[in-house]
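K.L.:
In the order they appear, the protein sequences are chains D and U.
Residue numbers for the first sequence follow our numbering, so the first one is 1 and each next one is one higher.
Residue numbers for the second sequence follow our numbering, so the first one is 1 and each next one is one higher.
Be careful, since some hints might not be right.
[Claimed, not checked] Listed below are the simulated DSS-like cross-link pairs for lysine-lysine, each with C-alpha atoms no more than 27 angstroms apart in a straight line: (1) K58/U - K445/D; (2) K86/D - K103/D; (3) K250/D - K332/U; (4) K261/D - K324/U; (5) K445/D - K15/U; (6) K321/U - K246/D; (7) K261/D - K325/U; (8) K261/D - K321/U; (9) K103/D - K92/D; (10) K250/D - K321/U; (11) K332/U - K261/D.
Just so you know, these hints were derived from the structure itself, not from any lab.
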Amino acid sequence: MHHLTALNDFVVRFANVNGTGSASANLMFAKSIFRMGIPVSPKNIFPSNIQGLPTWYEVRISEKGYLGRREGVDIMLSVNPQSMPKDIANVKPNGYFLYDSTKELHKEFIRDDIHYLGVPMMQMCMDKFSDPRQRQLLKNMVYVGAMAALIDIEIPVLHEIISLQFKGKEKLIAANFQALDMGIQYVKEHYKCPLGLRLERRDKVGDWILLDGNTACGLGAIYAGATVAAWYPITPSTSLVQAFEKYAKKLRVDPETGENKFAVIQAEDELAAIGVVIGAAWNGARSFTATSGPGVSLMSEFLGLAYFAEIPTVLADVQRGGPSTGMPTRTQQSDIISAAYASHGDTRHVLLFPSTPAECFDHMAEAFDLAEQLQTPVIVMTDLDLGMNENMSPPLAWDDSRAYERGKVLTAEELENMAERYGRYLDVDGDGIPWRTIPGTHPTKGSFFTRGTSRDEYAAYTEEGPAYVRNVDRLLKKWDTAKNRTGAGVVSGEKPECFRGNIFRHHHLRCPGSPGTAGSTRYYPGCHACQSVSI
Amino acid sequence: MTFVRPIFRHPESPKNAIGYTKKHYEGALSTLCAGCGHDSVSGAIIQACFEMAVEPHKVAKLSGIGCSSKTPTYFLSNSHGFNSVHGRMPSVATGANLANRDLMYIGISGDGDSASIGMGQFVHAIRRNLNVTYIIMNNGCYGLTKGQDSATADAGSINKSGSANMYQAIDMAGLALELGASFIARSFSGDKEQMIPLIKAAMSHPGFALIDIVSPCVTFNNNPGSTKSYDYTREHMEATAAVDYVPYMPEITTQYAEGGSVAVALHDGSIIQLSKLDQDWNPLDRHSAMNRLYEAKSRSEILTGLIYIDTNAADLHTLLKTVKKPLNTLEKQDLCPGSAVLEGINNSCR
Chain D
1 MHHLTALNDF VVRFANVNGT GSASANLMFA KSIFRMGIPV SPKNIFPSNI QGLPTWYEVR
61 ISEKGYLGRR EGVDIMLSVN PQSMPKDIAN VKPNGYFLYD STKELHKEFI RDDIHYLGVP
121 MMQMCMDKFS DPRQRQLLKN MVYVGAMAAL IDIEIPVLHE IISLQFKGKE KLIAANFQAL
181 DMGIQYVKEH YKCPLGLRLE RRDKVGDWIL LDGNTACGLG AIYAGATVAA WYPITPSTSL
241 VQAFEKYAKK LRVDPETGEN KFAVIQAEDE LAAIGVVIGA AWNGARSFTA TSGPGVSLMS
301 EFLGLAYFAE IPTVLADVQR GGPSTGMPTR TQQSDIISAA YASHGDTRHV LLFPSTPAEC
361 FDHMAEAFDL AEQLQTPVIV MTDLDLGMNE NMSPPLAWDD SRAYERGKVL TAEELENMAE
421 RYGRYLDVDG DGIPWRTIPG THPTKGSFFT RGTSRDEYAA YTEEGPAYVR NVDRLLKKWD
481 TAKNRTGAGV VSGEKPECFR GNIFRHHHLR CPGSPGTAGS TRYYPGCHAC QSVSI
Chain U
1 MTFVRPIFRH PESPKNAIGY TKKHYEGALS TLCAGCGHDS VSGAIIQACF EMAVEPHKVA
61 KLSGIGCSSK TPTYFLSNSH GFNSVHGRMP SVATGANLAN RDLMYIGISG DGDSASIGMG
121 QFVHAIRRNL NVTYIIMNNG CYGLTKGQDS ATADAGSINK SGSANMYQAI DMAGLALELG
181 ASFIARSFSG DKEQMIPLIK AAMSHPGFAL IDIVSPCVTF NNNPGSTKSY DYTREHMEAT
241 AAVDYVPYMP EITTQYAEGG SVAVALHDGS IIQLSKLDQD WNPLDRHSAM NRLYEAKSRS
301 EILTGLIYID TNAADLHTLL KTVKKPLNTL EKQDLCPGSA VLEGINNSCR
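Can you build the whole structure from these sequences, using the hints too?
P.N.:
Structure follows, in C-alpha cells:
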C-alpha cells in the first residue's frame, strides 16, 4: 500500500467527544504548527449539545496559505468510538487512522486502503495517572505527543506552549510533559517516524495571530469605549459578550475602588437586550449587543425604533444556519437581507462585513463611531466560522491618537449660546444628520421627546403629510451620507469577477461546494482549492 | 381636556426651594379624553416634582405604548422623554439608568403595556431592582384601540359593550410583592392627597418603586358593573394608612410610634410618615403585606397606600458594582486600554 506524502500541506482531523477537554489539546496542536511558521486553519465542528456527542476539530495545514476547508482527511485521529465508522470512511486512500488501541478495533472497521496506527492511550494513562479526570485530560496530551512524533512537530515548541498555558502550576506542567512524552515514545517505538506527511519549519506567518472573531469583536468594543453590554445567550454569539466581559474585568476595573467602568446585563430575551442598548445609547453611553439570526428576528421591532428615532445602536450578528432554529452550531451567511432591512416600513441599516479577526476588531470599534456619527443602528455581520474558530489574522492594531468620534452632540454651553430654537430633527448641516442632546445636559434647553411615531423637526408628534415626507426624505439623505462614510467594500482574491460579494475570507476565494474540475460548471477559477485539484 | 392654556400666570405664583414655579414642571396640553384619570396622575407627578424641588432636566421620563404612555408629553417638558415601543419601556429604562445613575427615572406604563405585552420586562426590571419610579396607570382596558378588556380587568367586570370579563385579573401590586419589589404602593387617580406623597416617596426610594394607580377610563370603562370605574373605586377603596412624605430629616430613623404610626427613613434622609396603621400590618414585612393584600382582595376591597417597602435592597448599580461617576461621562482615557496592552494580547495569540 502507498503512503501519502506531503510537506506542510495536509489535513488532520480529530474526532473527539464533547466535554472531554479535547479543545485545549487540539488548540495546542494547531498553535505549535503556527509557531513553526506554517499557516494553519483549525475549525471546530460541533453539535448543539453539551456533553457526550461527537465533535471534530479539523486542521488544514498549508504552506501556501490555502485556508478554506478542503475535502479529504489525510490523518484522522480518533478517540471517539461513536463516530468511528464515519471517521474511518472519511480517510483518504493511503491516509492514516490514528486511534486509541486500548480496545482492539472490530474487524468491520478495517479498510485495506488506509494505514492504522494504534496507540493504547487510555491504558497508558490508567497505568501512569491515578486521578480519573486527569487521566481523561492527559490522554489528550498523549495523542498530541503521538501526532508530534508522526508529523515532526518541534517538541520544544510544544513544551513552550504547555508551560505558558499552565504558568505557575508546575505539577500540571510536569504531568503534561510526561503525557506528551508517552505519546512520542510509543509511536517512535512502534512506527516509522515521521510519516510521509510531515512538517518543516517555515517563516510564512510573519507577525500574524491565531484568534477567534468573537474575541476580536469583544476587544473592539472594549477599545471603542463601550460601557454597557446587554445580551441574551445564543450560539454562536455568546462568546462575544463573554470576551467583552472577561477583558472588561481585567482592563476596566478602577484599581482604587474596585468598581467597574462597565455594566453587563444578561437580559431576559433579545428584545430586552437591544432595549437596554438603545436606552443606554439614548442616554449617551456607548452600548452594544451581540446575537445570531433568531435574535435579529426578535430585535427587529427595536431596530426599527432606533432607525426612526435615530439612536446610535451597535449590534454584532454572528450568523448561523437558518431558517428558524436551523443549525445552531453550523455557519451560514443567511441574515444579510433580514439584518439590512430589519423591522417594517422601509427601515434600512448600515452593515459592516469583517473577513478576519483583525477586521472584526476594527469594524466593531468603527461601528461605535459610525453609529454615533450617523445616529442609527450599525450591524457588524460576522458568522460562526469567523466568530468561533481560531482564524489566522493580521495582529489587532489600535492607534493611540485615535479619538472617539461621538458625532453631533450639543454641550450645555452650546445650548446656552444657541439663539435659535433647538430642533432635534432639524437638518442644519444639510447632510441629513441632526444634532442630539443627552438627557441632563441643560436646565431649560435641548429637552425633547423621543418617539417611534411621526414627528416634526422639533420632535413634536405630527400626522401632517408634509412633515412626514420631510422627515423620511431627510432619512434618505442621511442614508446617502452613510454610504460615503462607510467606504467602499474590498473585493479580495485573484479573479474576483467569478464570485462577488462579502463572503470572501482569508484573502482567498472559496467555491461554494467541493472543488470541481476545469471545464465543469462546478469549477471556480478563482478558488485555490479548485486550482490545486484541476490545473 | 383643555384646548388652550393661558400664557398669563399669577406673578406671585409660589416658588419651590430651587426657585421654580409649577409652570417649570408642566408639559404639553393633554390630548386624552376629558376626565381621564391619567391626567390627574400627570398632575400629581407635576405637583410632587414641584414640591420636591427636583431639577426637571435631571429627570428622564420613559414610557411604552398606550394612552398612559402618551402622558410623559403632558408633564415635565424640560425633561427628556422617551416614548419607546409597546411593553418595552423597562429595558429602555434599564439601559438609560445604566448610562447615567445620577438622573431620576420615571417610567410610565399601563395595564396593557405592563401586564400583557410587557409582562416579561416588568418582571425582570423588578428582579434587577432597577432604580425607577414605575407608575402603572391601570384602567383595566385598552383605551387606544377602543376598550378591549386588559389582563388587569377583574373577572366578572362588565365593560362598556356589556360583556363580562371571563378571565382572572393579574394584580400588579401582588405580583410585584411576590417578585421581591422593594417599594410597592397602590393608589387612585381620584385621590391626589394620597398620590402625591406616594410619588415623592417612590422617587426618593433607591430601587424599583411601583405605584399601581387605578386610573379610570372615562370613555370605555367607567360604566356600571365595571370594577375600574370612578364610582366603584371610591366605594371599594381601603387605605393601608394615611401617607405623608417628609423630605430630608436625617435625624429621624425608622421607628414605631404610639398609636399605630410608623416613620420609615429612606436612604436620602427623607421620611415616609404612615399614620392610622392597620394593627397587624407592617410595611417593612413582606409577609404581613402579603396577608394584608389577600385579606383586602377577599373582601373585594381595593387596598391603596404604601403596601411594602424594603429600604435596604441593593439597586442594580450596587449589584453591578459600577463606578460612582455616570458611565456616560467616562472618556477615552478612562476606557481605552491602549496599544501596548493590545500588543500583549496579540502576543498571547501567537
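K.L.:
Are K261/D and K324/U close enough, with their CA atoms no more than 27 angstroms apart?
P.N.:
holds (9 angstroms)
K.L.:
Holds or violated: K250/D and K332/U, Cα atoms, limit 27 angstroms.
P.N.:
holds (17 angstroms)
K.L.:
Check whether the Cα positions of K86/D and K103/D lie no farther apart than 27 angstroms.
P.N.:
holds (18 angstroms)
K.L.:
Holds or violated: K321/U and K246/D, Cα atoms, limit 27 angstroms.
P.N.:
It holds: about 15 angstroms lies between the C-alpha atoms, which stays within 27 angstroms.
K.L.:
Are the Cα atoms of K58/U and K445/D separated by 27 angstroms or less?
P.N.:
Cα-Cα ~12 angstroms, so holds.
K.L.:
Between the alpha carbons of K332/U and K261/D, is the straight-line distance 27 angstroms or under?
P.N.:
holds (12 angstroms)
K.L.:
Please verify whether K250/D and K321/U have alpha carbons no more than 27 angstroms apart.
P.N.:
The hint holds at about 15 angstroms.
K.L.:
Does K103/D pair with K92/D here, judged by a C-alpha cut-off of 27 angstroms?
P.N.:
Judged against 27 angstroms, a Cα distance of about 24 angstroms means the pair holds.
K.L.:
Would you check the hint for K261/D and K321/U, treating anything up to 27 angstroms between C-alpha atoms as holding?
P.N.:
holds (9 angstroms)
K.L.:
Taken at face value, is the distance from the CA of K325/U to the CA of K261/D at most 27 angstroms?
P.N.:
holds (9 angstroms)
K.L.:
If you draw a straight line from the CA of K445/D to the CA of K15/U, is it 27 angstroms or shorter?
P.N.:
Satisfied, since the Cα-Cα distance of roughly 20 angstroms is no more than 27 angstroms.
Consistency with the previously given hints is maintained throughout, with no hint failing.
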